[in-house]
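Q: Each chain is listed here by its residues.
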Amino acid sequence: MSPDPQTLPAGTQRFVEALVAKLRRRQVVGSREAALETVLVLRQLVSKARFSNIEQLISLIRAVGRRLVEAQPKEHSVGNTVRKILHHIREEYNTASKGTASSSTKPVYSISTFVLQGQPRKHNVAPKSEATLSLKENDPDDPDSFARVLKPVLMEAIQDVLDELETVYDNVSKNAKDHIHSDEIVLTIGNSKTVESFLKGAAHYRNFTVIVAETGPSYGGHSMARALSSAGISTFLVPDSSIYAIMSRVNKVIIGAHAILANGGMFAITGSLLAATAARVHSTPVVVCAGQFKLTPLWNLYHDYGALDFADPSSVLGFEEGALVEKVDVLNPYYDYVGPELVDVFITNDGDHPPSSVYRLIKETYDDDDHEL
Amino acid sequence: MAEAQAAETKFEIFEAYNRILRDDEMSPPLAAILSLTELIANSQAGTMFELVKELNDGAEELKKHTANPMSLNAGCELFIAFVTLFPHESDSFAQLKTELIKQGQKYASEAISHRNKIAELMLGFIKDDSVILTHSYSRVVMRALLHAHKTKRISVYVTEARPRGLGIRTYEALTSAGIPCTVVLDSAVAYVMDKVDFVLVGSEAVVESGGLINAVGSNQMAIIAKAASKPFYALAESYKFHRLFPLSQYDLPTHNPSILSFPTISPRPSGSETSSAGVSPHNVQSNQANGSSSTPSRLVQISMTSEQIARNPEVDYTRPDLISLVFSDVGILTPEAISQYLVAMFAG
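In the order they appear, the protein sequences are chains W and H.
According to our numbering, the first sequence is numbered sequentially starting from 1.
According to our numbering, the second sequence is numbered sequentially starting from 1.
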């Protein structure tokens, strides 16, 4: 029963270790990239794993998920993807086993279940298995029969998660033209692929101007500006220090997110807090574009320092300043925590949501017992 | 005849309520649920309609006898809604009644553990060396603080919480547990706010707007916390969710015309005999006041008279936009989530 990694086939084990190493060495960066890699590993795991009941499979996935999360706790999308897949697997298992097991346990109606009626309803994923499968857990004669019957549906469910990740940019930018109007001035910061495709999507229908803050010290704004202007959007690149001064002319701030937290706040590239606060002072709407795989079941724990990711300080103060390096501490936080009160709307691949309903999305997408992997 | 019998039952319910409430761990909503189950046990009702009517009457009776029925209401409301929606599967009505009684008692015994769950949820939000401001005395806040004390260093400011002075009780409980604690004046909340990491309060009831009803003073605390951008956390067991939508302080059921009313002007009383001791925690001062009242030159009234206190509210309403999060046994909820939750629960 114990989910020790030994039960993993050697090939899968290698696969897991490879991703752990890549995450740890920062060869996989960016939340979508990390999420994609995680799905691929888990797909491999499910297809190769041997299990004779659902608990074994789930603890196997959780064990691998925990390893991946520990390899790089700041890439929240890794854990999110694991949680999402666990949710899908349970869902599939429940629909598939409905015919075989459920008749014995009658739903008990008690006051505590009555109270729980207030809980947001779970997403009902369309079941892959039309007819109920004949599932036999812990069959002593043929321990693999359970896995054999269930695997095809599970693989399809995982494929769904993968498809969602692959189409995330298209789906986020689907309604871009409804958010950006002609002759508007949009301010953005950082080099978010989601924002880039959103702006390009809107550019098919509208003429507008984008002001890109150069986003020091990573200067992702430079590549963003290049990408936008090559798509024919009128683009200005400004230093970060002029964000506040320019804000009075801006109609909308559109930024990306690294992770969206359960309270409606988010982690986003450094400078986002500056832009969002400046926007608040000028009552400029702040729009955040992000895929739902960034929804993280965390409340803003310790966001002051701990949850932030620190990047290489050499871009702030290089070694050429040898004399100074000895005397100062150089910090280069990679993300800002932007609180829910500073965000107006999240545009996701599945609808637009205010920060206050993020908690509901999270309740719907993940199972409560998976918050701690 | 039927009326006489009903009166008898009504009389019993308040007795039962008080008896149950004598247990220190029991909170008013649960006591209300338990006394309603006793009402069912004693009920002669032969149909659902009669039973629900008796329950409503019983709840009404409890309400009448208590000065501050907010949290009690929430419990009654939950149980009556449950009874109304309970699926009829029993063979006879008597069986249904025993089933309902069992459910009520089961819930009350389970619900005692809700506080532990809330304390566990809260733990993640308390950093080492946190300074916490709390208000008055709340069992669930005490549980959360004592639980946090096991693993983290915390220190607590507690308001005195006039007029009942329950902050002193919090102070004593925390100090005896070894948590550094200081009592601050209700009027010093703004003074202390910059020193605190977050505000933590319990609740009488959480209402449909997502707002909070709690001992008077919570609202000003929330306003000051908001002004100082400090998080304001409320702890509320799910049986305190109350289907009520107050738009202002004066929409609360506890408000009555005598609260905040202006007295009819009468010639100034010559002495301050009315400043009876026991009303104020400053017994020493009120004695002084009594002593000094003999010299007419110093007619300074140091403590409030009981009539003056009677013109003051016991609870106030805190708007949802001032509350950062509500911790309950069903999870951590934003104020918006509370309203969705309540609608889903009672619409069901």
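None of these hints come from the bench; they were simulated from the model.
There may be inaccurate statements among the hints.
Under the rule of at most 25 Å between Cα atoms (straight-line distance), these lysine-lysine pairs were calculated in the BS3-like manner [unchecked claim]:
1. K97/H to K74/W
2. K117/H to K150/H
3. K48/W to K22/W
4. K363/W to K150/H
5. K53/H to K117/H
6. K327/W to K98/W
Q: Is it true that the CA of K97/H sits at most 25 Å from the CA of K74/W?
A: Violated. K97/H to K74/W sits at ~54 Å, over the 25 Å cutoff.
Q: Is K327/W close enough to K98/W, meaning Cα to Cα at most 25 Å?
A: Violated, at roughly 67 Å.
Q: Given the proposed pairing of K53/H with K117/H, does the C-alpha separation stay at or below 25 Å?
A: 34 Å, violated
Q: Is K117/H within 25 Å of K150/H, Cα to Cα?
A: 15 Å, holds
Q: Keeping to a limit of 25 Å between CA atoms, is the pair of K363/W and K150/H held or broken?
A: 30 Å, violated
Q: Could you grab the alpha-carbon distance between K48/W and K22/W and see if it respects the 25 Å cut-off?
A: It holds: about 22 Å lies between the C-alpha atoms, which stays within 25 Å.
Hint violations for this structure: numbers 1, 4, 5, 6, all remaining hints satisfied.
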